[in-house]
Amino acid sequence: DAGVIQSPRHEVTEMGQEVTLRCKPISGHDYLFWYRQTMMRGLELLIYFNNNVPIDDSGMPEDRFSAKMPNASFSTLKIQPSEPRDSAVYFCASGGTQFDRWPYNEQFFGPGTRLTVL
Amino acid sequence: AQTVTQSQPEMSVQEAETVTLSCTYDTSESDYYLFWYKQPPSRQMILVIRQEAYKQQNATENRFSVNFQKAAKSFSLKISDSQLGDAAMYFCAYRPSGNTPLVFGKGTRLSVIA
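Which chain is which? The protein sequence lines are A and B, in order. Note that the numbering used here gives residue 16 to position 16 of the first sequence, counting from 1, and the numbers run on in steps of one. Note that the numbering used here gives residue 46 to position 46 of the second sequence, counting from 1, and the numbers run on in steps of one.
Don't take each hint at face value.
The following label-pair restraints were derived from C-beta to C-beta distances [to be verified]:
{"no.": "1", "chain 1": "A", "residue 1": "Trp102", "chain 2": "B", "residue 2": "Ala16", "range": "28 to 34 angstroms"}
{"no.": "2", "chain 1": "B", "residue 1": "Lys73", "chain 2": "A", "residue 2": "Ser58", "range": "45 to 51 angstroms"}
{"no.": "3", "chain 1": "A", "residue 1": "Asp56", "chain 2": "B", "residue 2": "Ala16", "range": "41 to 47 angstroms"}
{"no.": "4", "chain 1": "B", "residue 1": "Pro9", "chain 2": "A", "residue 2": "Arg85", "range": "19 to 25 angstroms"}
{"no.": "5", "chain 1": "A", "residue 1": "Thr76", "chain 2": "B", "residue 2": "Ser42", "range": "19 to 25 angstroms"}
{"no.": "6", "chain 1": "A", "residue 1": "Arg64", "chain 2": "B", "residue 2": "Glu15", "range": "45 to 51 angstroms"}
Hint data in this document are derived by calculation from the structure and do not stem from the laboratory. This one's a predicted model, so the numbers in the text were calculated from it and none came from an experiment. Beta carbons: idealized from backbone N, C-alpha and C, even for Gly.
The shape of chain A in the complex, shown without the other chains (with noise of 0.2 angstroms):
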């Protein structure tokens, strides 16, 4: 397997404008996580998902932030209108079967987007 898939790795864009990450988990995992890396803030959870059904929204900063699990193999996070504040490295990461032990359940991360709003 490829691992999780990240895209964009990089997105530069400007005040105002519409983002949307994207992320492809790896195949046969349930879980969907999105996390935020900020300098300020750190690492934080916005959202995650079980079976493409959002469990846990309370990180997704305003209504600004949106993120969607249409089917199994891919979500997307996206950002409108954006702003300079947003910037941040967006992490995707994908884990968890029915069985909710150790090695079953480890997170896998994807390489990141960082995400310059101007």
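Fit chain B to the known structure of chain A by using the hints.
Just chain B now, kept in the frame of chain A:
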């Protein structure tokens, strides 16, 4: 809410020496995992070592070992025979059992001096 604290923003070590990175956490759970992740400049999150809370024996992975003190809620990482390739950000992370999100500390930037 669970929290993870790394009190050392930066550390440095001489090549071939040993360094210990500190981590404390707060939880009311009895069953959980603790992790150390390495993040080199490439940004990739690399799992270094994990510890299951129910295991009393400290985990070891080659040059990496942990000192897990459950009562004190302490989970430190020891890197022996430090190498230049060990230079990176190191994150301590906590997760309850099951398929739950990770809670990260703020990280410790480790420099290795040749």
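Hints, verified against the model:
no.: 1; hint: Trp102/A <-> Ala16/B: 28 to 34 angstroms; result: 32 angstroms, holds
no.: 2; hint: Lys73/B <-> Ser58/A: 45 to 51 angstroms; result: 24 angstroms, violated
no.: 3; hint: Asp56/A <-> Ala16/B: 41 to 47 angstroms; result: 44 angstroms, holds
no.: 4; hint: Pro9/B <-> Arg85/A: 19 to 25 angstroms; result: 22 angstroms, holds
no.: 5; hint: Thr76/A <-> Ser42/B: 19 to 25 angstroms; result: 24 angstroms, holds
no.: 6; hint: Arg64/A <-> Glu15/B: 45 to 51 angstroms; result: 46 angstroms, holds
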